[in-house]
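Chains S and W, in that order, are what the protein sequence lines are. Counting in my numbering, the first sequence runs from 86 upward without gaps. Counting in my numbering, the second sequence runs from 20 upward without gaps.
If you are wondering where the hints come from, they were derived from the structure by calculation, not from laboratory data. Cβ atoms here follow ideal geometry from the backbone N, Cα and C, with glycine treated the same way. Check the hints yourself; a few may be wrong.
Calculated Cβ distances over 12 Å to all of chain S for the following chain W residues [to be verified]: (1) Gly43; (2) Asn88; (3) Leu97; (4) His99; (5) Leu115; (6) Met124; (7) Asp130; (8) Gly135; (9) Phe140; (10) Gln141.
Not the full set, but computed from the structure, chain W residues with beta-carbon under 7 Å of chain S [as the list claims (entries may be wrong)]: (11) Leu24; (12) Glu25; (13) Leu55; (14) Asp64.
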Amino acid sequence: MNPILIIMGVITLLILVLQWIMPKVVEPTVPFGVRVPPDRLQDPAVRKAKKTYARGLFFVFLICVAAWSALWRFGLRGTTLEMVALMLPLMPLFLDFALYYTIHRALLRTKRDERWMDGYRQVITVDTHGATRRKAVSWKWSLPTVVLLLAGFAAGILRYPQIPHVFPVHFNVRGVANGFATKSFMSVFTLSFLGLGLFILMIVLQRATLQTSGNLDPADPVGSAQRITLRMKRLFHASWLLIAFVNASLFLGELSMWGVISKAPSTMMLTTMLPIVAGIIVLIFMLGSFTRKASDGVAQGSESARVVRRDDDANWVLGAFYFNREDPRWLVEKRFGVGFTANFAHPLSWVLLGGVVVVVVVSILLVPHVKKG
Amino acid sequence: MFLSLELESETPLYMQIRDQIIEGLACGELQDGESLPSTRQLAMDFGINFHTVNKAYDMLRQEGILRLNRKTGAIVSLTHADPSFALAWTARLRVLLAEAHVKGMSSGIIDHAIRGIMASFQSQKEGEQ
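Please model the entire structure based on the sequences and the hints provided.
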């Protein structure tokens with residue numbers, strides 16, 4: 086059996102698990118991207134939306150299983166199979182979005198027709214001491230990444246004299262080299278630079294996200310401020326862990342390029358793909374623990390309060406893309422998901438998006454071996 | 020302290036910010052010498068235009084409540100009322116009391132309300148300390 090097919094199957098399954106727990110992870114007062122007042126959380130329409138999502142996701146799972154077994158049965162070979170298999174994780178992403186958007190639209194319509202927001206004062210509440218929240222984030226979690234980056238550069242420098250003039254940079258699934266590069270400082274350290282780039286990107290993003298404090302629940306400002314702090318902390322820890330795993334994967338890829346470790350097919354797959362899968366497992370684990378914490382907070386407070394967070398549904402195009410010209414932030418917390426998304430009304434978002442596209446295109450053109458080490 | 024903005028309210032946003040900072044000071048939630056977030060930061064927290072926060076801070080600066088500094092940001096720095104303030108304040112109070120009078124509120128009720136509010140400033144201030 087083809088190892089790429091197995092790994093892509095596992096990744097697809099992990100994505101589905103993440104999508105499954107997503108409604109429990111997101112802000113409870115924003116089910117499926119629709120801001121609802123607290124007394125509507127148990128509304129039949131909200132319950133129905135949850136049920137529809139779970140059912141729909143099960144169908145998505147069946148479709149993915151069918152696609153995967155079709156690939157397995159028809160025994161595609163070589164690059165065709167690799168290409169098709171790499172597309173597999175995209176399936177749950179697209180299907181889940183379609184599902185989400187359908188439910189989002191329906192819930193939005195119910196909310197409007199039944200006038201859910203009537204009788205509520207809608208406010209935006211902030212803490213003038215938000216700076217303390219910024220201090221709560223520790224940089225300790227970036228340490229594994231720093232160590233791996235330094236190890237990569239150190240190993241490269243030590244190994245440099247032994248690397249042949251032409252060295253392999255791409256291996257097929259069997260571990261046979263099928264791409265080569267001429268030895269130069271840049272070609273030897275490509276993966277290290279990629280890791281360094283990721284590290285810098287993560288720091289920039291973390292700094293930017295710390296500037297944006299989530300809006301507090303006006304009915305329970307103290308409690309919601311604590312929950313936001315906790316959420317930020319967990320999010321940063323999880324993303325640093327993930328970056329560390331990606332860097333571990335890059336490091337192992339480098340070692341096989343430089344001939345430090347063996348290139349047998351089984352070791353190849355293990356050394357390069359396992360850290361990534363492990364990273365996703367860690368993420369799921371972190372999300373799971375923060376689901377429980379998040380739901381702890383909702384039950385108390387905010388009942389019977391007639392003051393609610395402002396209805397900002399209109400700022401979310403398709404329920405997923407933030408567009409607000411008045412808002413000076415270029416990063417905001419995601420509506421349905423974990424992490425941050427860009428404010429597409431902010432010019433900086435487009436500059437950065439362009440930057441990311443350039444980086445992706447350049448790395449596809451220059452380092453075709455990254456995916457497979 | 021917490022600040023809340025109501026976007027749909029008839030009171031302009033900068034006025035809401037200014038009013039709450041003054042109330043916060045009266046209640047002791049905010050102290051003389053304490054620093055407030057920078058214009059930029061507060062605008063980002065609210066997700067509103069920088070100019071709105073700037074307008075509120077500038078108003079507070081003119082009123083002798085905030086000191087704005089490029090480096091240190093906004094710091095509460097109270098100056099005592101001068102005669103011109105007392106005059107302007109009395110004029111505003113006159114309008115407020117006229118409203119109550121026209122609506123038939125008795126001076127007893129007005130008096131009670133004023134004492135109640137002043138007492139709440141006092142007690143909350145003690146509570147904070």
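Here's how the hints hold up against the structure:
1. Gly43: violated, 8 Å
2. Asn88: holds, 16 Å
3. Leu97: Per Cβ check, Leu97(W) is outside 12 Å of chain S; nearest 17 Å; holds.
4. His99: It holds; His99(W) is separated from chain S by about 24 Å at its closest Cβ, greater than 12 Å.
5. Leu115: holds, 22 Å
6. Met124: The claim stands: Met124(W) keeps its Cβ more than 12 Å from every Cβ of chain S (closest is about 24 Å).
7. Asp130: It holds; Asp130(W) is separated from chain S by about 29 Å at its closest Cβ, greater than 12 Å.
8. Gly135: Gly135(W) clear of chain S: closest Cβ-Cβ about 22 Å, beyond 12 Å.
9. Phe140: Given that every Cβ of chain S is farther than 12 Å from that of Phe140(W), nearest at about 19 Å, it holds.
10. Gln141: holds, 23 Å
11. Leu24: holds, 5 Å
12. Glu25: Since the shortest Cβ distance to chain S is 5 Å, the answer is holds.
13. Leu55: Holds - the Cβ of Leu55(W) comes within 7 Å of chain S, reaching about 6 Å at its closest.
14. Asp64: Given a least distance of 4 Å, the restraint on Asp64(W) holds.
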